[in-house]
Amino acid sequence: MDETLTLNPAAVRKAITPKTKCVLPVHMCGSMADMDALVAICKENDLLLLEDACQSIGATYKGKHLGAIGDAGTFSFDFVKTITCGEGGAVLTDKKDVYIKCDGYSDHGHDHKGTDRGAETHPFIGYNFRISELHAAVGLAQIKRLNEFLEIQKRNHSQLKNILSQVPEISFRKIPDPAGDSCTFLSWFLPTEEITRTVVSEFKTQGILPGNFYWYDNNWHYIRRWDHLKNAAALNHLHPDLKEKIIQYATKDFSASDAVMSRCISTAISLLWDEEQLKEKGEKMVAVIKKILNGQKVAV
Numbered sequence: 010m011d012e013t014l015t016l017n018p019a020a021v022r023k024a025i026t027p028k029t030k031c032v033l034p035v036h037m038c039g040s041m042a043d044m045d046a047l048v049a050i051c052k053e054n055d056l057l058l059l060e061d062a063c064q065s066i067g068a069t070y071k072g073k074h075l076g077a078i079g080d081a082g083t084f085s086f087d088f089v090k091t092i093t094c095g096e097g098g099a100v101l102t103d104k105k106d107v108y109i110k111c112d113g114y115s116d117h118g119h120d121h122k123g124t125d126r127g128a129e130t131h132p133f134i135g136y137n138f139r140i141s142e143l144h145a146a147v148g149l150a151q152i153k154r155l156n157e158f159l160e161i162q163k164r165n166h167s168q169l170k171n172i173l174s175q176v177p178e179i180s181f182r183k184i185p186d187p188a189g190d191s192c193t194f195l196s197w198f199l200p201t202e203e204i205t206r207t208v209v210s211e212f213k214t215q216g217i218l219p220g221n222f223y224w225y226d227n228n229w230h231y232i233r234r235w236d237h238l239k240n241a242a243a244l245n246h247l248h249p250d251l252k253e254k255i256i257q258y259a260t261k262d263f264s265a266s267d268a269v270m271s272r273c274i275s276t277a278i279s280l281l282w283d284e285e286q287l288k289e290k291g292e293k294m295v296a297v298i299k300k301i302l303n304g305q306k307v308a309v
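To get our numbering, take the position in the sequence shown, counting from 1, and add 9.
Be careful, since some hints might not be right.
[Claimed, not checked] Label-pair distances were calculated between CB atoms; the ranges are: (1) 202 / 284: 11 to 21 Å; (2) 284 / 152: 47 to 57 Å; (3) 286 / 119: 45 to 55 Å; (4) 203 / 149: 30 to 40 Å; (5) 214 / 103: 42 to 52 Å.
[As the list claims (entries may be wrong)] Taking lysine-lysine and the BS3-like style, the derived pairs with C-alpha atoms no more than 27 Å apart in a straight line are: (6) 71 / 52; (7) 122 / 163; (8) 288 / 261; (9) 299 / 30.
Since the hints were made in silico from the structure, they are not lab data. Using N, Cα and C, we set each Cβ at its ideal position, and we do this for glycine too.
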């Protein structure tokens with residue numbers, strides 16, 4: 010990955026082998042991957058392009074909604090997403106065969122033809138990945154409010170970014186299409202890992218760390234602390250070939266990504282902040298960062 014916090018297209022090109030079937034960008038923290046470059050790579054190599062847009066619903070890339078650019082896109086509606094129905098997700102596609110397969114796969118392989126569920130056939134094995142009707146009803150109501158939520162996020166994101174911009178040493182995440190950012194998070198960088206760690210530690214001491222995520226040391230979203238994956242720790246039997254592939258992650262070189270993530274803090278943008286709360290939060294963050302950069306001890 011690079012400072013978009015998503016796939017680096019140059020690294021994708023280098024990773025392609027004759028066995029490669031699909032490229033899967035994850036549109037992290039409200040923003041997007043470089044989709045022009047990834048679409049071109051997939052066309053050149055006859056690969057599927059599957060978008061994980063779970064954290065970026067409502068975001069766009071050059072006028073097209075994320076999740077609707079590749080062969081299919083996925084969304085999540087759990088309790089920390091921009092819109093939520095408690096749990097569940099969705100697959101978005103304009104390909105009829107993909108739709109039919111997803112529809113059956115999520116419901117025990119049923120073909121959903123006719124009005125008698127007991128008479129439906131099963132063209133393939135499926136699983137119970139269905140969202141409940143109650144959750145779906147909540148989700149439909151939430152979708153109607155998506156534009157309202159995005160407007161609030163963008164306003165709060167802009168105001169917080171203006172406050173943090175007072176610190177010249179702070180740089181911000183590279184956004185391939187700034188106009189399309191859903192502004193779920195404001196992701197920013199400090200000059201070194203050491204400075205970033207000190208700021209994170211002082212945020213914690215000052216009680217202002219909540220809402221600020223240092224993914225590098227977090228067990229969410231970044232591979233460095235994923236020992237369960239690296240050790241292939243599973244409650245079910247893993248096929249030896251699969252296990253062999255999984256444990257390779259324990260020795261892979263992620264130094265290029267580490268160099269980015271070790272300096273990155275992502276601040277979640279709340280829909281509930283009022284102007285005074287936002288200003289207070291930003292100013293407290295800036296005060297800590299400036300004093301750390303100046304080598305001063307921050308008073309508790």
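27 Å limit on alpha-carbon distance, applied to hinted pair residue 299 and residue 30: violated, 47 Å
Given hint residue 163 paired with residue 122 - CA-CA distance at most 27 Å: It is violated: about 43 Å lies between the C-alpha atoms, which goes past 27 Å.
Residue 286 versus residue 119 beta-carbon gap, inside 45 to 55 Å or not: holds, 49 Å
C-beta pair residue 284, residue 152: status relative to the range 47 to 57 Å that was hinted: violated, 27 Å
Consistency of beta-carbon spacing, residue 284 to residue 202, with hint 11 to 21 Å: violated, 34 Å
Residue 103 and residue 214 - C-beta distance against the hinted 42 to 52 Å: holds, 51 Å
Residue 149 and residue 203 - C-beta distance against the hinted 30 to 40 Å: violated, 48 Å
Holds or violated: residue 71 to residue 52, with C-alpha atoms at most 27 Å apart: Answer holds: residue 71 to residue 52 is near 19 Å, not above 27 Å.
Hinted pair residue 288 and residue 261, Cα distance within 27 Å: Roughly 42 Å between the alpha carbons, so the hint for residue 288 and residue 261 is violated.
Violation of the numbered hints given earlier is confined to hints 1, 2, 4, 7, 8, 9; the remaining hints are satisfied by the structure.
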